[in-house]
Amino acid sequence: MIKPLGDRVVIEALAKEEVTKSGIVLPDTVKEKPQEGKVVAVGTGRTLENGQKVALDVTVGDKIIFSKYAGTEVKVEGKEYLIISERDILAVIE
Amino acid sequence: MIKPLGDRVVIEALAKEEVTKSGIVLPDTVKEKPQEGKVVAVGTGRTLENGQKVALDVTVGDKIIFSKYAGTEVKVEGKEYLIISERDILAVIE
Amino acid sequence: MIKPLGDRVVIEALAKEEVTKSGIVLPDTVKEKPQEGKVVAVGTGRTLENGQKVALDVTVGDKIIFSKYAGTEVKVEGKEYLIISERDILAVIE
Amino acid sequence: MIKPLGDRVVIEALAKEEVTKSGIVLPDTVKEKPQEGKVVAVGTGRTLENGQKVALDVTVGDKIIFSKYAGTEVKVEGKEYLIISERDILAVIE
Amino acid sequence: MIKPLGDRVVIEALAKEEVTKSGIVLPDTVKEKPQEGKVVAVGTGRTLENGQKVALDVTVGDKIIFSKYAGTEVKVEGKEYLIISERDILAVIE
Amino acid sequence: MIKPLGDRVVIEALAKEEVTKSGIVLPDTVKEKPQEGKVVAVGTGRTLENGQKVALDVTVGDKIIFSKYAGTEVKVEGKEYLIISERDILAVIE
Amino acid sequence: MIKPLGDRVVIEALAKEEVTKSGIVLPDTVKEKPQEGKVVAVGTGRTLENGQKVALDVTVGDKIIFSKYAGTEVKVEGKEYLIISERDILAVIE
Numbered sequence: 001m002i003k004p005l006g007d008r009v010v011i012e013a014l015a016k017e018e019v020t021k022s023g024i025v026l027p028d029t030v031k032e033k034p035q036e037g038k039v040v041a042v043g044t045g046r047t048l049e050n051g052q053k054v055a056l057d058v059t060v061g062d063k064i065i066f067s068k069y070a071g072t073e074v075k076v077e078g079k080e081y082l083i084i085s086e087r088d089i090l091a092v093i094e
Numbered sequence: 001m002i003k004p005l006g007d008r009v010v011i012e013a014l015a016k017e018e019v020t021k022s023g024i025v026l027p028d029t030v031k032e033k034p035q036e037g038k039v040v041a042v043g044t045g046r047t048l049e050n051g052q053k054v055a056l057d058v059t060v061g062d063k064i065i066f067s068k069y070a071g072t073e074v075k076v077e078g079k080e081y082l083i084i085s086e087r088d089i090l091a092v093i094e
Numbered sequence: 001m002i003k004p005l006g007d008r009v010v011i012e013a014l015a016k017e018e019v020t021k022s023g024i025v026l027p028d029t030v031k032e033k034p035q036e037g038k039v040v041a042v043g044t045g046r047t048l049e050n051g052q053k054v055a056l057d058v059t060v061g062d063k064i065i066f067s068k069y070a071g072t073e074v075k076v077e078g079k080e081y082l083i084i085s086e087r088d089i090l091a092v093i094e
Numbered sequence: 001m002i003k004p005l006g007d008r009v010v011i012e013a014l015a016k017e018e019v020t021k022s023g024i025v026l027p028d029t030v031k032e033k034p035q036e037g038k039v040v041a042v043g044t045g046r047t048l049e050n051g052q053k054v055a056l057d058v059t060v061g062d063k064i065i066f067s068k069y070a071g072t073e074v075k076v077e078g079k080e081y082l083i084i085s086e087r088d089i090l091a092v093i094e
Numbered sequence: 001m002i003k004p005l006g007d008r009v010v011i012e013a014l015a016k017e018e019v020t021k022s023g024i025v026l027p028d029t030v031k032e033k034p035q036e037g038k039v040v041a042v043g044t045g046r047t048l049e050n051g052q053k054v055a056l057d058v059t060v061g062d063k064i065i066f067s068k069y070a071g072t073e074v075k076v077e078g079k080e081y082l083i084i085s086e087r088d089i090l091a092v093i094e
Numbered sequence: 001m002i003k004p005l006g007d008r009v010v011i012e013a014l015a016k017e018e019v020t021k022s023g024i025v026l027p028d029t030v031k032e033k034p035q036e037g038k039v040v041a042v043g044t045g046r047t048l049e050n051g052q053k054v055a056l057d058v059t060v061g062d063k064i065i066f067s068k069y070a071g072t073e074v075k076v077e078g079k080e081y082l083i084i085s086e087r088d089i090l091a092v093i094e
Numbered sequence: 001m002i003k004p005l006g007d008r009v010v011i012e013a014l015a016k017e018e019v020t021k022s023g024i025v026l027p028d029t030v031k032e033k034p035q036e037g038k039v040v041a042v043g044t045g046r047t048l049e050n051g052q053k054v055a056l057d058v059t060v061g062d063k064i065i066f067s068k069y070a071g072t073e074v075k076v077e078g079k080e081y082l083i084i085s086e087r088d089i090l091a092v093i094e
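Residue numbers (this note's numbering), protein chains in the order written: chain A, 1 to 94; chain B, 1 to 94; chain C, 1 to 94; chain D, 1 to 94; chain E, 1 to 94; chain F, 1 to 94; chain G, 1 to 94.
If you are wondering where the hints come from, they were derived from the structure by calculation, not from laboratory data.
One should not assume that every hint holds.
Said to hold, decoys possible - Using 30 Å as the maximum straight-line C-alpha spacing, the simulated DSSO-like pairs for lysine-lysine come out as follows:
| no. | chain 1 | residue 1 | chain 2 | residue 2 |
| --- | --- | --- | --- | --- |
| 1 | E | Lys63 | A | Lys3 |
| 2 | C | Lys75 | B | Lys68 |
| 3 | A | Lys75 | B | Lys68 |
| 4 | A | Lys75 | E | Lys63 |
| 5 | F | Lys3 | F | Lys53 |
| 6 | A | Lys38 | A | Lys75 |
| 7 | F | Lys63 | F | Lys3 |
It should be emphasised that the depicted structure is a prediction, and the values quoted were computed from it without experimental measurement.
Kindly produce the complete structure, drawing on both the sequences and the hints.
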């Protein structure tokens, strides 16, 4: 199990089948990086300069939109994840 | 539904029919990026370093002017939105 | 009406007839950007890190000097304005 | 009258007749920018993050040394001034 | 023994045998830098601007994922370690 | 008299006769900038964000070592000085 | 005697005889900068934004590892030292 530190969140990217306007399915290499993901683990929060800890605004299971290119890709037990800071999460989709 | 995080705001860009001085309607690709939009969702606010949460100064329905090129374009349920930080909102038009 | 956010100010640039040393009136494109303007609207102020709101030092009607190239040009109801941060205002002319 | 904002100061540059080692008086264009000036107006001070206002350490009439190239040149009623931040003032000459 | 200062952590990189898709074991020089390590020593924590000391979120023995290229490689008593800041630790693997 | 502002210090550079390994005295132009000086005036201190004033750690007469290239050279009453910030002073030599 | 200011530390670099894998002793010019040193003097500490002074975590005599290229080389009474900030000290070796 991956336990992210501080204000970090572990994300599983959501696959999208991408079809161009002319109807051709693109191979992986020309696809854009995904912008949507599902939160699989959250850190304990960010520590403010007065010592107070602020819990994250997302929870496990949330479907989120995050900044393209944000975060670091990691592979744990053969599965790929993205670890990003909460500040790179733009919104939750409900 | 998109629920933006922190000091972020979801915006629907307002279309303008753009006509050049010589009267020719320009196709999409040469148009300038819009600078006006309508707020469709707002985050819960910005957290100060003393832990206090500051609510945003805009509310859903506000017509706003925002910095060109600010924010991230997202597509949710086939519709395009822009997610921007409140600091990139210059003014509200009343 | 434009209502600027936070520490922003809406300015109407003051026109100057510019004459070069040799006496030729320059067309618009080679003129320098104006450095003087009149405040037409002010934001509610800047929020400090302790949550306190600081009112702006300029008020509507003030004639000001501001940093060249500062701010964003906007066009509202056919009229051109400049939206700048208070920190780009150098002085008030009385 | 120019009333500078915040921690800004209005300065009148002090002219120096510059003579090179070989005794030739240089024309204006090759002279170095002046580093000395006289304070003609001071702002109300800098606002700290706790909301406290700190008065400036210089007063009208002070002869000062300031960083080369600092500030913005302005022309008010035909006279040239420099508006600089107090942090660009290095010292007062008594 | 190495005793890291402040928010720093000493890490022993975990070796992985890297095999390309075509099954060829790569020599050291073309391998990627490791992203996993084991914590062998931790600092006393980060000092906040209010003087409070915040203990680290990792402890000796933790298996961690850290940002590629972060930290400084050191060699102590013939053994190689990496000294990194806690902010470059992304997650703990349990 | 020069009275430096805030955390600034006025320094008189200490001359060193520089001799290369081969014994040739170098002319001024190829010498390194001096790194040692004597404090001739100190500012009233640095203002912290809580409004508190912190007195400088050096006093008039101290022989100091400072960062190469730090500060601004000024000439007052025909004499050359260097005005530097206290943070560019590395150490006092006793 | 050198008395460093604030959070600075004076270090005496520890010499290492460097031998390449093929057994050739390298001349000085191609050696790496040393990463180990012995603390010979420490400053009085860092001043936080609330005015509190934080003592350094190293003391005279400590053998330390520091960031390559950090600090400023000085020569006092014919001996070479390095003056670095405490934040560039990675660890103490015990």
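Outcome of the hint check:
1. The straight-line distance between the Cα atoms of lysine 63(E) and lysine 3(A) is roughly 11 Å, inside the 30 Å bound, and the hint therefore holds.
2. This hinted pair checks out: lysine 75(C) and lysine 68(B) have alpha carbons roughly 13 Å apart, not beyond 30 Å.
3. The straight-line distance between the Cα atoms of lysine 75(A) and lysine 68(B) is roughly 37 Å, outside the 30 Å bound, and the hint therefore fails.
4. Restraint check for lysine 75(A) and lysine 63(E): the C-alpha separation of about 14 Å stays at or below 30 Å, so the hint holds.
5. For the given pair, lysine 3(F) sits about 17 Å from lysine 53(F) by alpha-carbon distance, which is consistent with the 30 Å threshold.
6. With a C-alpha separation of about 16 Å, the suggested pairing of lysine 38(A) with lysine 75(A) holds against the 30 Å cut-off.
7. With a C-alpha separation of about 19 Å, the suggested pair lysine 63(F) and lysine 3(F) falls inside the 30 Å cut-off, and the hint holds.
Figure legend: structure checked against the earlier numbered hints; the only hint not met is number 3.
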